[in-house]
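Listed here are the chains, written in short residue letters.
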Amino acid sequence: MILKLLAGNLTHGLLLGGVYGLATMGLSLIFGVMNVVNVGHGAFIMVGAFVALTMFTTLGISPVAAIPVALIIGMALGFFFFYTVMRRLIRAPELASLLATFAIGILLQEIAKLIFGADFWGYNWRVGKISLPITTIPMSKVYAFIGSILIALFLYFWFSKTRVGTAVRSVVEDSEGARVCGVNVGWIYALSFAIGIGLTVMSGVLLTMFIPVGINPYMGGAYTLKAFVIAVLGGLTSPYGAFFAGLIFGLIENGAYVFFAQIPGVAPFPLTVSLAFWMLFFLLLIKPTGLLGGK
Amino acid sequence: MKRTIPKYYPLIPVFAAYLIMFIIGFTMPGMWQMVALLAFYCALGQSWNIFMGMTGYVDFGYVTFIALGTYGMALGVQYFYQIEGLGIGIIFIGIFLALFLASLSAILEAAIALRLRGAYFAIACIGINEGLRYFIEGAKIWGGSEGIIFSGALTEAVGREVANQLTTFWADFAVFIIAALAAFLNVHYMRSKIGYALTAVREDEDAAKVMGINTFKYKTIAFLTSGLLGGLVGAMAWGLKLTHVFPGDVFVIHYTVECIVVVLLGGAGTLLGPVVGGLIYGLSKYWLAVILPGFQLLIFAPIIIAIIVAFPGGIIGLVKQRIKGTPLERYIV
Chain A
1 MILKLLAGNL THGLLLGGVY GLATMGLSLI FGVMNVVNVG HGAFIMVGAF VALTMFTTLG
61 ISPVAAIPVA LIIGMALGFF FFYTVMRRLI RAPELASLLA TFAIGILLQE IAKLIFGADF
121 WGYNWRVGKI SLPITTIPMS KVYAFIGSIL IALFLYFWFS KTRVGTAVRS VVEDSEGARV
181 CGVNVGWIYA LSFAIGIGLT VMSGVLLTMF IPVGINPYMG GAYTLKAFVI AVLGGLTSPY
241 GAFFAGLIFG LIENGAYVFF AQIPGVAPFP LTVSLAFWML FFLLLIKPTG LLGGK
Chain B
1 MKRTIPKYYP LIPVFAAYLI MFIIGFTMPG MWQMVALLAF YCALGQSWNI FMGMTGYVDF
61 GYVTFIALGT YGMALGVQYF YQIEGLGIGI IFIGIFLALF LASLSAILEA AIALRLRGAY
121 FAIACIGINE GLRYFIEGAK IWGGSEGIIF SGALTEAVGR EVANQLTTFW ADFAVFIIAA
181 LAAFLNVHYM RSKIGYALTA VREDEDAAKV MGINTFKYKT IAFLTSGLLG GLVGAMAWGL
241 KLTHVFPGDV FVIHYTVECI VVVLLGGAGT LLGPVVGGLI YGLSKYWLAV ILPGFQLLIF
301 APIIIAIIVA FPGGIIGLVK QRIKGTPLER YIV
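Here the protein sequences come in this chain order: A and B. Heads up: the first sequence begins at 1 in the numbering used here, then just goes up one per residue. Heads up: the second sequence begins at 1 in the numbering used here, then just goes up one per residue.
There may be inaccurate statements among the hints.
[As the list claims (entries may be wrong)] Pulled a few chain B residues facing chain A out of the computed Cβ check, cut under 8 Å:
id: 1; residue: Phe-60
id: 2; residue: Leu-116
id: 3; residue: Tyr-120
id: 4; residue: Ile-123
id: 5; residue: Ile-126
id: 6; residue: Glu-130
id: 7; residue: Lys-140
id: 8; residue: Gly-143
id: 9; residue: Ala-268
id: 10; residue: Leu-297
id: 11; residue: Pro-302
id: 12; residue: Ile-305
id: 13; residue: Ile-308
id: 14; residue: Val-309
Hints in this document: simulated from the structure, not taken from any laboratory. C-beta atoms are modelled at their ideal positions from N, C-alpha and C, and glycine is treated no differently.
If we strip away everything but chain A, and leave its shape as in the complex, we get (with noise of 0.2 Å):
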């Protein structure tokens, strides 16, 4: 019995980790071009959410056509707050990037309280289940996975093969080399925290077909502290470390939520939520550079 409801969980667990992946590449992406750790991430996600759930309900479009719309709103945010805010900050201390971008994370919080407000929303994507043996999934749940699948694999891609994404890994590795080198760095900063926005506000769509009553102005707090966990975990500069991590992350916080539910006398949700943060801690003392982080 335990075993199945282990590997219905796992399953879940799975599909929610390819998001969770998705959600993190953003920040890492950021923090290893411009080593600044964005702590407003999480708003980024629920700008997402609002995204998807506005044309599903009003314009009824479904969650797929929302992507694209939800990457270009994400580079237009990334753009606008890199150009107001973030490119003063590259050289400023740690202080200052990570204020900055908690305030714009509230910022965001409440314009969307402001449009929204503070309840809870939430549609239902009905596209079919697959029953198997030992769960039954939601259809929107395995396009979701797909969806993030295929957005890493093409930024895989993208990183790999063209000019643009070889210059983002030179300033990944030596911003003063790139530089001299001939590369724009001024320019991949841009890009970069932009497409980095665009990733993250992608992934708050993904998100909504797993949170079928859960879009909030608020939402974002506990998706930034994930984040932080799963970046951590897949070495803090490496996007594709983080999808990695996303995977395990998610198979994990399911797994683990099995056990717990086993324990009497304790309330299993909370207890995953802090396996988190102590996997979190001991795995900065133990590897800083992260589990799959080389060197």
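Chain B: place on chain A using the hints.
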């Protein structure tokens, strides 16, 4: 003696500000709550600044100490109120427990997280804070997510009259004392070997290490001091004043950010900065809550961004440039 007196000159404007605030709150009816709020922000800013201002390390999980201080006071009152003849002494048990919990977590955190730098340190601190919060909720220790409500226990221990006075006056008064203590420790560290060592750490940690400075020791001293003061603020301003504690209310990163905003507004690494920042932030928050309830954050967020981009040195940073070379210089640090 001659050399030690000027060292504490910068405390004069700080203490004067606290005294004026206290007198305003004490004599003018209806002002006490606002003054208490201002003192709370000044104390928090001052305490946070001791570690961050001198080392440049951003402790994003600072609220852990405040929360544990609150829990210390709650546990002290809740578990010891039935002991006969303790009377007012129960508060001191609470303070002791607050200090104990705060120092325990500060030492553990220092041993592990202080070996990390920059972004890794900030993330680790957030991780500890959230991990602790969800562990308390999940394992259902200390009342779990239902928290501890100890107003009944406090009344039973010291009597209704005294309990009332404690929550409405002495808790806020203690925050003033903590704010003054934090200011004193700040200037004491700044003008001693610890301060010089920590400045070296802030400028270039590796170089400081090579020069033979035991960076870990000095960082731990400042971290512990900062954490203990945070625990005291929590025990008084949240624990004794509100007489309840819920994990979802106290382990909130948002309060760390308030500390950061207070310090940054006034000027990081300065003595007077947190006081100026605390006054401005507290006053504007108080008035915005009256004029535009619910919109404080919407207004604050762009202001924070503007300050970071335009005046990274804060108000005191600007003032310091202005008064360089004048006799005022030694009062403003």
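- Task: Output the numbers, in ascending order, of every earlier hint that fails for this structure.
- Result: 8
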